[in-house]
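Chemist: Chain Y is fixed; fit chain A onto it per the hints.
These protein sequence lines map, in sequence, to chains Y and A.
Under my numbering, the first residue of the first sequence carries the number 1, and numbering increases by one thereafter.
Under my numbering, the first residue of the second sequence carries the number 459, and numbering increases by one thereafter.
Incorrect hints may appear among the rest.
[Stated by the list, open to error] In silico lysine to aspartate or glutamate, DMTMM-like type, Cα no more than 20 Å apart, as pairs:
#1 Lys504/A x Glu519/A
#2 Lys700/A x Glu711/A
#3 Lys596/A x Glu130/Y
#4 Lys103/Y x Glu566/A
#5 Lys323/Y x Asp258/Y
[Unchecked claim] Chain A residues, not near chain Y, derived (Cβ > 10 Å throughout):
#6 Leu486
#7 Ala503
#8 Val523
#9 Ala528
#10 Trp564
#11 Ala591
#12 Val603
#13 Val630
#14 Phe685
#15 Val687
#16 Trp691
#17 Leu714
It is worth saying that the hints were derived from the structure and are not from the lab.
Note that CB positions come from ideal geometry on N, CA and C, so glycine has one too.
Here is how the chains run, residue by residue.
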Amino acid sequence: MIDAAYDIPGVLLAVAWQPVFTFEPRLDLFPLLAAVLAAASCAVLGNFLVLRRISLMGDAISHSVLPGLVIAFLLSASRSPAVMFAGAAVAGLATVALVELVKRLGRVEPGAAMGVVFSILFALGVLLIERAAVRHVDLDADCVLYGQLETLVWYAAPDGIAGLFSFETLAAAPREVVTLTVVTAVAFAFVGVLFKELRIAAFDGALATSLGFSSSLLHAALMVVVAAATVASFEAVGSILVIAMLICPAATARVLTDRLRIQILLSIVVAVATAVVGYAAASAVPAAFGLDAVNAAGAMTVAAGGALVIAIVAGPKHGVIAKARTRGRLARRVAVDDLLATLYRAHEAAPDGQKLPAVAIDLGEARGIRNASVAIRDAMRRGLVARDARGLSLTPEGFSHASLVISKHRRWESYLVDRAGLAPDHVHDTAEQLEHVAPVPDASGSIDPHGRQIPRIN
Amino acid sequence: QANSPSGSAGLTGLIYGQAATMQPGDVLLMAGVAAAAVAGALLLAKELTVVCFDDAFGRTEGLPVAPVDAFMMGLVVLVTIAGLQAVGLIMVVAMLIIPAVSARFWTERLWLMLVLAGVIGAASGYAGSVLSALMPRKPAGAVIVLSSGGFFVVSMLFAPSRGVIASTLRRVRVRLRIAGDHLLELAAEPHAQPAKKGLTSGATQGTYVDRSTIDRLAGQRGWSPIFGVAVRWSLRNAGFTKGVNAAGLELTERGLARGGRVRRNHLLWERYLVEQADIAPSHVDWTVDQVEHVLSPELVAQLESSLASTGEGHAP
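Next comes chain Y alone, as it looks inside the complex (with noise of 0.2 Å):
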């Protein structure tokens, strides 16, 4: 086996084609089950806080809710859900109120305001946790912060696929994933009812005050969801993981698209998609390697990281190869364009009368073109330049797509001395980044500030 692990594309093999992962219902429904309910619900909220900037409220709240929590379990002393979710609701409210009150007060900036709020209330939390004793209880921290999905045993699991839906068996599911069916259900109908309402609220929370409903209390109720849903998935996947869960998925969804709809779809299904895979790999990728499975949770939090990172690269508009690509052929059509201009002001200097003149261009100085022979090999390969024993020349179509972009030159530097009021001399460098890309304003004469003829684009 150890051999295995130097063998990477034997173990690759290894684990795609061996059944290394199988799926017991007994063990494995109830656990897969929690994850990926506890991933869809902080996705689909962390969508809204990704949107309006306060990823680190999800890290403030799904922290400063452990003082809630022991808090309400001092005062009931009983866990039972509705306690639980009483106080968590509570912490996330004080959390919401107090950041407000010293980013105004004390005129700190929001992130830091989140960041001294949170970890005071963290620390309170702890300390009310070893003061109460209640570490014997299973409140303890550790269980918050880890989860607990590998002891989600379903003992009454059924047989069969029919079972699953007998009512007996169904009211043997564990509290947890009962808790979190809940509470994804109200943040899936939060998000769906109020979406208008958020999704204004998110760009602009003064225009949503002005229009009638109060910004506020939407953050309000959106941190007191976002509270429920970190509080239900606590069990499940602790609260470190929490985080990655309301962030992961909507980033990973934000670099994909624009469409807000189909942000938030796509979120869920990322989400569901690396809980699933992080699960399936938390046992499947080390048995490859003949070791122990890892903790589910973290594995699960490096798929959704995983993904992220996988999006950020390789993203259909924003990612980074779709963007260095982007600029890449904006880069080499811009060279010939100014390949082109730079033949047409030597044809137009050229003392001989030929219409099509052959050019010594010194590759070395190219009057500033970038990679002039990238730019030479392109052009002669589109047909517009050629290349003899005397030098390069333009080509016929070269020739009249050098007459529009020195058009456009022109027609910019007339605009810009006419109408923007700019000196004769100041114009030519603006001019050049402009005929490339802007909508070229119309030729109001037919000479250019520097006396030179504007070419007449049929």
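Modeler: For chain A alone, kept in the frame of chain Y given last:
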């Protein structure tokens, strides 16, 4: 985590901190790392400052902004490692943010803020450790964070110029001054003026402003009863009024003079805005109200001379 024999126990120590069980060797290591971080920050203080405040300017000056940014992140990592054993991972955030925010309240100068932040951080560390040693079974990390929280609250409330109490007092003082000026202005309005802002003529008799006028002004401006009392008190304190009797609020010479000056500024601005700044006359009062109290003498002189040159009448 799954593969280490100690499992989650070691990680819990990292997350909560285990200040109480640190060895002297650990302390020396921490001190070294912290000293290195401080030295790094001081060496590149100028560059870090430029990048923090205006990185576009830094770029135009030829400063390598991205490497400096990376260096700053590296310092953060170093400091996090140093603080890990003391307060644990989650609360290193607190130690990174709270002392700096607290120091910000006390000063506008960056170097002083740096020094103060260091002092506050050290003080919270000390106070937290001492307190947690005195009380049984309190995790040191949490107590340290709560001590720094205490420093934060004290700074936010009591800092002399940016603190909440100081700025509230300042705001109240300005509001009282403006309200007092409005009151004094009433006394300076000539009896022959047509009804302005709902105030009837004959409301003022020489040096008195009668009660009904004051009440009307209070209602118009939304003064609470307490605020009204405070305004009258501050006017008496400043020597602009003598007191209230049957005829109303009695003004002193200084009060009359000040009321006259405020009134004159009001009219000057009105005229300027209408004649020279193209504001429709119906908008004038509102705009004027905001500025009539804050004109400097130089500006007033300039306005008067310019209006005189255009042939407009003088304010009464």
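Chemist: With reference to the structure, classify each hint as holding or not holding.
Modeler: Quick rundown of the hints versus the structure:
Taken as a hint, the lysine 504/A and glutamate 519/A pair is honoured in the structure, with Cα atoms around 13 Å apart against an allowance of 20 Å. About 10 Å separates the Cα atoms of lysine 700/A and glutamate 711/A, which keeps this hinted pair within 20 Å; it holds. Proposed proximity of lysine 596/A and glutamate 130/Y is supported: the alpha carbons are some 7 Å apart, at most 20 Å. At most 20 Å may separate the alpha-carbon atoms for a hinted pair to count; lysine 103/Y and glutamate 566/A meet this at roughly 18 Å.
The straight-line distance between the Cα atoms of lysine 323/Y and aspartate 258/Y is roughly 15 Å, inside the 20 Å bound, and the hint therefore holds. Residue-level check passed: leucine 486/A sits 27 Å from the nearest beta carbon of chain Y, beyond 10 Å. Here alanine 503/A stays apart from chain Y, with its beta-carbon at least about 20 Å from theirs, past the 10 Å limit. Even its closest Cβ contact with chain Y, about 20 Å, leaves valine 523/A beyond 10 Å, as expected for a residue assigned away from the interface.
For alanine 528/A, the non-interface assignment is confirmed: its Cβ lies about 18 Å from the closest Cβ of chain Y, beyond the 10 Å cut-off. The beta carbon of tryptophan 564/A sits about 12 Å from the closest Cβ of chain Y, which is more than 10 Å, so the claim that it is off the interface holds. Non-interface status of alanine 591/A relative to chain Y is upheld: no Cβ of that chain comes within 10 Å, the nearest being about 14 Å off. Consistency note on valine 603/A: stated as away from chain Y, yet its beta-carbon is not over 10 Å from all of that chain's, at 4 Å minimum.
A cut-off of 10 Å between C-beta atoms confirms that valine 630/A is not in contact with chain Y; the least separation is 15 Å. Under the 10 Å C-beta cut-off, the non-interface status given to phenylalanine 685/A relative to chain Y holds; the minimum distance is some 21 Å. No beta-carbon of chain Y comes within 10 Å of the beta-carbon of valine 687/A; the shortest separation is about 26 Å. Look at tryptophan 691/A: its CB is around 26 Å from the nearest CB on chain Y, clear of 10 Å, so calling it non-interface holds up.
Distance check on leucine 714/A: its Cβ is at least 39 Å (rounded) from any Cβ of chain Y, clearing the 10 Å threshold; non-interface status holds.
In the structure shown, a violation is registered for the earlier hint numbered 12 alone.
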